[in-house]
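Undergrad: Read off the chains here:
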Amino acid sequence: MSHAATHDHHDDHHGAPKNFFQRWVMSTNHKDIGTLYLIFALTMFFIGGSFAMGIRAELFKPGMQLMQPYFFNQLTTMHALVMIFGAIMPAFVGLGNWMIPLMVGAPDMALPRMNNLSFWILPFAFILMLSTLFMPGGGPAGGWTMYPPLALQSDSLAYVVFAVHLMGISSIMGAINIIATILNMRAPGMDLLKMPVFVWSWLITAFLLIAVMPVLAGAVTMLLTDKYFGTNFFNPGGGGDPVLYQHIFWFFGHPEVYIMILPAFGIISEVVPTFARKPIFGYKAMVFAIACIAFLSFIVWAHHMFAVGLPLGAEIFFMYATMLISVPTGVKVFNWVATMWGGSMTFETPMLFSLAFIILFTIGGFSGLMLALVPADFQYHDTYFVVAHFHYVLVTGALFAIISAAYYWMPKWTGNMYSEFWGKVHFWNSVIWVNVLFFPQHFLGLAGMPRRIPDYNVAFANFNMISSIGGFLFGATQLIFIGVLIHCAFFSKKKATDRVWEGAKGLEWTVPSPAPHHTFEVPPVINDDELAHGHVND
Amino acid sequence: MKQETTRSPVADGDDSRRRGVRRTVTVLVAIVAFFFLISFVQIVLMK
Ligand code: HEM
Ligand SMILES: [Cu+2]
Numbered sequence: 001m002s003h004a005a006t007h008d009h010h011d012d013h014h015g016a017p018k019n020f021f022q023r024w025v026m027s028t029n030h031k032d033i034g035t036l037y038l039i040f041a042l043t044m045f046f047i048g049g050s051f052a053m054g055i056r057a058e059l060f061k062p063g064m065q066l067m068q069p070y071f072f073n074q075l076t077t078m079h080a081l082v083m084i085f086g087a088i089m090p091a092f093v094g095l096g097n098w099m100i101p102l103m104v105g106a107p108d109m110a111l112p113r114m115n116n117l118s119f120w121i122l123p124f125a126f127i128l129m130l131s132t133l134f135m136p137g138g139g140p141a142g143g144w145t146m147y148p149p150l151a152l153q154s155d156s157l158a159y160v161v162f163a164v165h166l167m168g169i170s171s172i173m174g175a176i177n178i179i180a181t182i183l184n185m186r187a188p189g190m191d192l193l194k195m196p197v198f199v200w201s202w203l204i205t206a207f208l209l210i211a212v213m214p215v216l217a218g219a220v221t222m223l224l225t226d227k228y229f230g231t232n233f234f235n236p237g238g239g240g241d242p243v244l245y246q247h248i249f250w251f252f253g254h255p256e257v258y259i260m261i262l263p264a265f266g267i268i269s270e271v272v273p274t275f276a277r278k279p280i281f282g283y284k285a286m287v288f289a290i291a292c293i294a295f296l297s298f299i300v301w302a303h304h305m306f307a308v309g310l311p312l313g314a315e316i317f318f319m320y321a322t323m324l325i326s327v328p329t330g331v332k333v334f335n336w337v338a339t340m341w342g343g344s345m346t347f348e349t350p351m352l353f354s355l356a357f358i359i360l361f362t363i364g365g366f367s368g369l370m371l372a373l374v375p376a377d378f379q380y381h382d383t384y385f386v387v388a389h390f391h392y393v394l395v396t397g398a399l400f401a402i403i404s405a406a407y408y409w410m411p412k413w414t415g416n417m418y419s420e421f422w423g424k425v426h427f428w429n430s431v432i433w434v435n436v437l438f439f440p441q442h443f444l445g446l447a448g449m450p451r452r453i454p455d456y457n458v459a460f461a462n463f464n465m466i467s468s469i470g471g472f473l474f475g476a477t478q479l480i481f482i483g484v485l486i487h488c489a490f491f492s493k494k495k496a497t498d499r500v501w502e503g504a505k506g507l508e509w510t511v512p513s514p515a516p517h518h519t520f521e522v523p524p525v526i527n528d529d530e531l532a533h534g535h536v537n538d
Numbered sequence: 001m002k003q004e005t006t007r008s009p010v011a012d013g014d015d016s017r018r019r020g021v022r023r024t025v026t027v028l029v030a031i032v033a034f035f036f037l038i039s040f041v042q043i044v045l046m047k
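Just so you know, the protein sequences line up as chains H and F, in that order. Using the UniProt record's numbering, you'd call the opening residue of the first sequence number 1 and step up by one each time. Using the UniProt record's numbering, you'd call the opening residue of the second sequence number 1 and step up by one each time.
If we strip away everything but chain H, and leave its shape as in the complex, we get (with noise of 0.2 Å):
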C-alpha cells in the first residue's frame, strides 16, 4: 500500500494513482473510498431492490403465484439485510467519507488505511451472504431479525452470522474513523459549535454505531453457538430464553434504525437553508435535539415486543419512553420549516427530495407513535401497518435524505450539473409512486394482514394489487436516477461552479469543482462568514 501512496507525492495536479488498481483497490484517498461506498450501496439498492419487486410479484394477487413460500421468506429476510446493511448504512458512509473532511477542512480521513479495510470487507461480507442463495438449503428465512429458535433451523446460519459480523467490524472501524477525524482533524478555528449539522449528526451516530454493533455481534455470535456448539443461550430446554433474544437484540435494533435516520437528519439541515437561503433556523436545538434522540433510543428497544408478554411496569414505561423521542424530532420538524419560513426559496431537486422528507418522515412518525401505544400495538403487532411505518421512514425518510444529498453534492464530485429535467420527472415519479406503494399497506395492517406472509385472505385483494403497482413503477422509477447519475458524471456538457448553489454555505464550497483529489493538505484559514454557522456564539 506504500507504493501507492508515494506515488502520490510525485503526482503533482490530481495526485489520483493512474493504474486503476492502485486507485480502487488500494485507495486510502477519503473521496475515492467514498465513491467506492456510493456505488457499492447503490448496487446494494438495485439488488434488494430485485427482491422487494420479487416480494410484490408474488403478493399482487391472493394465492400462491410465483414461488413456494420457502423462497418468499427467504426474499423478506434477504431484501431487509441487503437494504438495511448493504444499502442505508454504506450510502451514508460513503457520504460521510465523501462530505466530513472536506465540512471540517481536513486532509483526509484520520485512519486512511483502515478507512480502505472497512470498504473492502463488504463486498465480500455480501458475496458471502448472497451466496446462500443458491445453496442446497437456501439462504435466511426467519426474518431479519433473526429470532430463535426460527432462526437457527436455517442451513445458512453460520454464513449468515459470519457475514454479518464482516458487516459489523466494517462499521464499527468506520465509526471510529469518523470519530477520529472529527475530534482531531478539524482545520484551526473549526469549534465543535461551528460544525456544520450534517457532521454533528454523523459524530453522534458513529457513537451509536460504537455502542451498538458489538451488541449485534455478541447477539449474532450466541445463536451461532446455541446451534453449533452446544450452548443454551435462548434454549428453554436447557435454562435459555428466547426473548432474551429479543431483548438483546432490539437494544441493538433500535438504536439502529436511529443510526439510519440521524445522518438522514443532518443532510436535510444542509439542504434546506441552502435552497432557503437563510441560516438553519435553531443550530444548536438542532445539535441537542439529535443527541437527545440518541440518548433516548438506548431506552425504547422493548416497544418492539410488546406483544411478547411483558410485564405491565415495562409495558407502560416503554410506552411513554418512545413516546418521548417525539418531541425532539418535533423539535427538527419545527426548527426546518421555521427555517424555510421567510425564506426565499428555489425548489431544485434536492430540495424538493427535503421537502418530501420532511413531509412524509413525519408521517411515519405519527404512525410510529400510533405503534407505541401498548394496546393498539397488540393489535397492529406483526401487521402491514408495521411494515408501512418503517417504509415511511426508511424509504421516504433515510433513502430521500441519501438521493438528497446526492443531488446536492453531485456537482461538488463530478464538476458537473446534473439535468434538472431529469431529477424532476426521478422526484415526482418517485414522491407519487412511493405513496401508491406503501400508504395502501396502513389500511392493510389496520384490517388484519399479518406481514411476511406470501400468500392472504382476499379482503385484502385490491389495496394489494395497488401496492404492488405502486412498487413496480417505484422502482422502475429508480432506473431514471442511473440514467442522471451517468449522464452527470460522464456527458453533462454544463460545468458546475465552485459553489454550485446560491445559497451554500461552509468549507466545501471554497473547494474546486470537481473536488482535487487532494484537498486541505494546508489546513484552511477559518472565515467565520463562510461558513454557514461561524457566529452562533457571538
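Please note: incorrect hints may appear among the correct ones.
Listed next, with one range per pair, are the computed distances between beta-carbon atoms [claimed, not checked]: (1) H/F21 to F/V41: 41 to 47 Å; (2) H/F421 to F/F34: 48 to 54 Å; (3) H/I39 to F/R23: 32 to 38 Å; (4) H/A476 to F/V27: 45 to 51 Å; (5) H/E530 to F/V27: 28 to 34 Å; (6) H/H487 to F/R23: 44 to 50 Å.
No wet-lab data here; the hints were simulated from the structure. In this text the structure is predicted, and so the values were computed from the model without any measurement. Ideal Cβ placement from N, Cα and C applies to all residues, glycine included.
With chain H held as given, fit chain F with the ligands onto it using these hints.
TA: Same frame as chain H, but now just chain F with the ligands:
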C-alpha cells in the same frame, strides 16, 4: 504512524494531532469491547 495520503504539514509534523487520534481510537476500542462483553454478561445474569 504516518498518514501517507496527505502531504499536509499538519499531518506530518503535528504530534499532538497524532496522539489525539491514538487516544481516541484506544478509548473507542475499549467501548466496543465493553459493549460486546456486556451482551454476554447480560444474558448470563438474566437467565
Ligand atoms: C417517531 C418516532 C418513532 C416511533 C415512535 C416508532 C415506533 C415504532 C414501534 C412501536 C415499532 C414496533 C411495531 C411493532 O412491531 O409492533 C416500530 C417498528 C419499526 N420502526 Fe419505528 N418508530 C419511530 C421511528 C422510526 C425510525 C426513524 C425508523 C427508521 C429510520 C424506524 C424504523 C422501524 C422499523 C424498521 C421497525 C420494524 C422492525 C421490525 O419489526 O422488523 N422507526 N417503530
Ligand atoms: Cu424501535
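Undergrad: Hint by hint, say whether it matches the structure.
TA: Against the structure, the hints come out as follows:
1. H/F21 to F/V41: 41 to 47 Å: holds, 45 Å
2. H/F421 to F/F34: 48 to 54 Å: holds, 52 Å
3. H/I39 to F/R23: 32 to 38 Å: holds, 34 Å
4. H/A476 to F/V27: 45 to 51 Å: Once the Cβ atoms are compared, 48 Å apart, the range 45 to 51 Å for F/V27 and H/A476 holds.
5. H/E530 to F/V27: 28 to 34 Å: Since the Cβ atoms of H/E530 and F/V27 sit about 32 Å apart, the hinted range of 28 to 34 Å holds.
6. H/H487 to F/R23: 44 to 50 Å: With Cβ atoms ~46 Å apart, the hint holds.
Of the hints listed earlier, there is not a single one the structure fails to meet.
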